[in-house]
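**Student:** Residues per chain, in single letters:
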Amino acid sequence: MNALTGRRYVIAGIFIAVGIIYLLRLFYIQVINDTYKLSAENNVLRYVTEYPARGLVYDRYGELLVYNEVAYDLMVTPRQVKELDTADFCRTVGITKEQFIKKYKQARAYSPYKESVFEKQLSKETYAALQEKLYKFQGFFVQSRTLRKYPQEIAAHTLGYVGEVSEAIIKKNPYYKMGDYIGISGIEKSYEKELRGRKGLKIMMVDVFNRPKGRFKDGIYDTLAISGLNLVSSLSAKLQKYGELLLQNKTGSIVAIEPSSGEILACVSSPSYNPNLLVGRERTKNYGKLFVDNRLPLFNRALMAYYPPGSTFKLINGLIGEQEQVTSRETRYPCARGYPVMGGKPKCHPHPSPMDLPGAVSTSCNSYFCYVFRSIIDNKKKYPSVVDGYNAWREYVLSFGIGKKIHTDLPQELPGNVPTQQYYDKYFGVNGWKSSTIVSLSIGQGELGVTPLQMANIMCSIANRGFYYTPHIIKGIGESKQPHPEYKIKHQTKIDARYFDPIIDGMQGAVDHGTSTAAKLKDIVICGKTGTAQNPHGKDHSVFVAFAPRDNPKIAIAVMVENGGWGASWAVPIGGLMIEKYLRDSISKPEMEKRMLEGVVLSTENKSKKETDKK
Amino acid sequence: MRKSQRGIFSNIDWITVIFYLLLVGMGWINIYASVYNEEHQLITDLSQKYGKQMIWIVTSILLATVILIIDGNFYAAIAWPLWIIVLISLVAVLFFGTEISGSKSWFKIGEFSVQPAEFAKFATAMVLAKYLSQLGIKMTDTKTKIISTIIIITPIILILLENETGVALVFISFILVLYREGLSGNFLLFGMLMLVLFMLALLVDKLILLIVLFSLSVILFLFMRKSRQNIFLLIGMIVVCSSVIYGVDYAYNHLQPHQRKRIDVFLGKEADIKKAGYNVNQSLIAIGSGGIYGKGFLNGTQTKYDFVPEQSTDFIFCTVGEEWGFVGTATVILVFILLFLRILFLAERQRSQFSRIYAYGVVSILFFHLMINIGMTIGLAPVIGIPLPFFSYGGSSLWSFTILLFILVKLDAYRLDILR
Ligand SMILES: [Zn+2]
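If you read the sequences in order, they're chains A and B. In this text, residue positions in the first sequence follow this note's numbering: the first is 2, and each later residue adds one. In this text, residue positions in the second sequence follow this note's numbering: the first is 625, and each later residue adds one.
These aren't lab readings, by the way, just hints derived from the structure by calculation. You may find that some hints are simply not true.
[Stated by the list, open to error] To give an idea of the chain A side of the interface with chain B (calculated C-beta under 10 Å), a few residues:
{"no.": "1", "residue": "Val11"}
{"no.": "2", "residue": "Leu24"}
{"no.": "3", "residue": "Asp35"}
Just so it is clear, the structure is predicted and the values come from calculations on it, not from any experiment. For each residue, glycine too, the CB sits at the ideal point set by N, CA and C.
The following block holds chain A by itself, in its conformation from the complex (with noise of 0.2 Å):
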């Protein structure tokens, strides 16, 4: 046993050992190492959170569509605010003694030790006049952020806004602290992630007196904020803008696209707001008033409100019959005013009959378009069932991008609506129903429910003779100028490109000398279609859709003004203006430019007051 009580020596020799490598360890990095050392002027460290510029968006010629301000908020860390003088402080910040102690403690109450933002968005003379002071008020500074500014003023909920993240967000999504900056609508949503860039830490030392002292071990441990990509928009500014102009005093939508691409060059929605309004401290105030106004300025028509194609959905029949083998060019049908087989409805306007496919067109024949519907869904011979000449017929409308969403880069798209078998086997009991019930959407009225993008998508298909691609604001994205692969993706519909020139030809056959004159340009080939969707609620929609030039078309629109009444009294002339400026760049026809800009129609929603200046 003796031998082993020399070992206790061994055991005290290893406890001195270690306390003394831990001695010389402190020692080291307490008095010798001055990496870990601040001195006593820098004795506080600020974590800095360096916010990314936010991408800039431009229209596809490189006008600034949106771009960033610089903002400076007041921040305070509670713990080290020392006695100031509040009265020359509330005088500086321009606030109340009250309006101090009730943010001073909401600060204290979100953390005493992490820093909150004290007061948003200084003006810079506020700025200026308080960065003299602000060695005075211990435990305030400025950190400086961006604003989104939106100089052309336009496409409001297209571009969208931004805001500070919500709760929800911050717990779904570490990314985000509070009062970060998030999109909340339109592309600053749908390209956040593209646009926001990476947010860079930066630690500071900073005195007693709160001043900047330098980075801590020159910046080793900072990450560096990565700015957010810069995105080329498909819009054209200035038609964005002209379109814009021609719906004031109007309700309605306008959708312009460039067929071969699926680049949307215009998306108008009436009426609007200046976007502008949605940035910074009034977000909250101006975001409240827009939304409790009735006209509805926040709802983008253009891709949420559905309506009944009206008789532009004659096209879509048309090309089905072809494609059914139930009507070719050469096909006639009579016309008695209305449809005959059931007693003259629906009606149609007087007309000379019975004439063939592009003459329906042109003239926009009810009757004819009942007869081709019949046609295809009691096609006995191929559907043993008017379900399965239904669901057939469905089918290819679907084809064409609509009754579902076509997932284009703006969020709040919505489907629209193509009635399924099941609705009008629940509406009419199963067996219940014919064509003849439901002979309504041969002439684009009915359960029908389509968004003017879907609309003008229509149009691209039929441009391009059979295919389209998917319609999408952002064509380049960052140095790539590319857009998401996504919208390079050819999308056929089931209509063989063969079919398609009849229906051309009525379209432009309506231009040249039917129901949409006046959308006519000289030496240009337009090809359109004018609708009027019925209105349950008041005077009818006026529509009208459209591309050009016929040939290599380089514009495909939709034209919706609600209330319009009869398609050609607002939405084709409005139609055509923006056909004109987005080839030509000039307008022909001053007077009618005139009348529409200054045209008013009022909305009939709800009330009947008589409309001003009809024409």
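Once you've looked at the hints, dock chain B with the ligand against the given chain A.
**Tutor:** Just chain B with the ligand now, kept in the frame of chain A:
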């Protein structure tokens, strides 16, 4: 008169008690500083950690007094039953415990939580002392080695099941006790070798490590005396080393992500300060920023809950470093080392083997805690969440360290009575 005086306080080693009070007091002051804010200044504020710690300190002193009152023979007598009870509660907590930050090792009783693993430390120390102090037990016997290993390993396994890796590692320190009682010094060396191998296994690819190991063996084989014993020894070493390498590799890959991250950071595999290395970096900044004399009581800026997490428990030493400087940290380490040496002195003056062995158990546990806890705050040990004895916030740990130490104080005070 003389008799009653002797009852509790006579023969007590006041030096140890003073060191204890010193450490507990310094601990409380630093806990107060680390959670201090203007709104809660009352030291007995129960909503604050220092208020709760005050309760733990008062109850600990009561507990110490009770331990001193109880007859000295009692502890050796209850060693086995106590150990069994602790083992049972270690199992029970797996089923009925509350999970706190990934470890299911707490019984929650109202506001307070109790961790049975803490109490396993002194229970095991007592059982080990009890077993090794039996007549005729020799550390050199294989049977003794095996039974000692079982006594140490059983709580380790149960505590590992609770996900308290840090606490489980503490039991490794008992190797010092076994060494003092006659375990060959080779085991101590072997233990260190294993530690080195353990580190290497984490740092180097296991295939490379195995190749190096085998080539070393081959070289060794070529040059050594080729006796049967040496060859067996060599093969044994190869097998043990390879299994350690594989075992570590396996264990590492089955660790919780946050534990793995801690190891990665300690080994320098990862240097992301905002993630796992954050603690160590912040802790170094805090301690380093203290300088020689520190920033003064309550003037620390880094050791606020923004910067150093867990600063009142595992990272309490940061507050010492920042507010009291090198003077403070050196004092704390000095007091600890002096306490350890004092315990060694007490151990060697015991007449009863049980008391001596138990004393070694106590000092080993305390030493291991000190080494790991302070080591991790200054970047010399992996970030393993174990408290600084007497210092860190927490009732279970303070209670268990108090019991651990005061049983020794009692045994020491009682030593003169033993042979009567
Ligand atoms: Zn007709």
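**Student:** Hints first: check each against the structure and report whether it holds.
**Tutor:** Outcome of the hint check:
1. Val11: Where the cut-off is 10 Å and the nearest Cβ of chain B is about 8 Å from A/Val11, the hint holds.
2. Leu24: Result: holds, 6 Å to nearest chain B Cβ.
3. Asp35: Cβ of A/Asp35 sits 9 Å from chain B, so the hint holds.
Violated hints: none; the structure is consistent with every hint.
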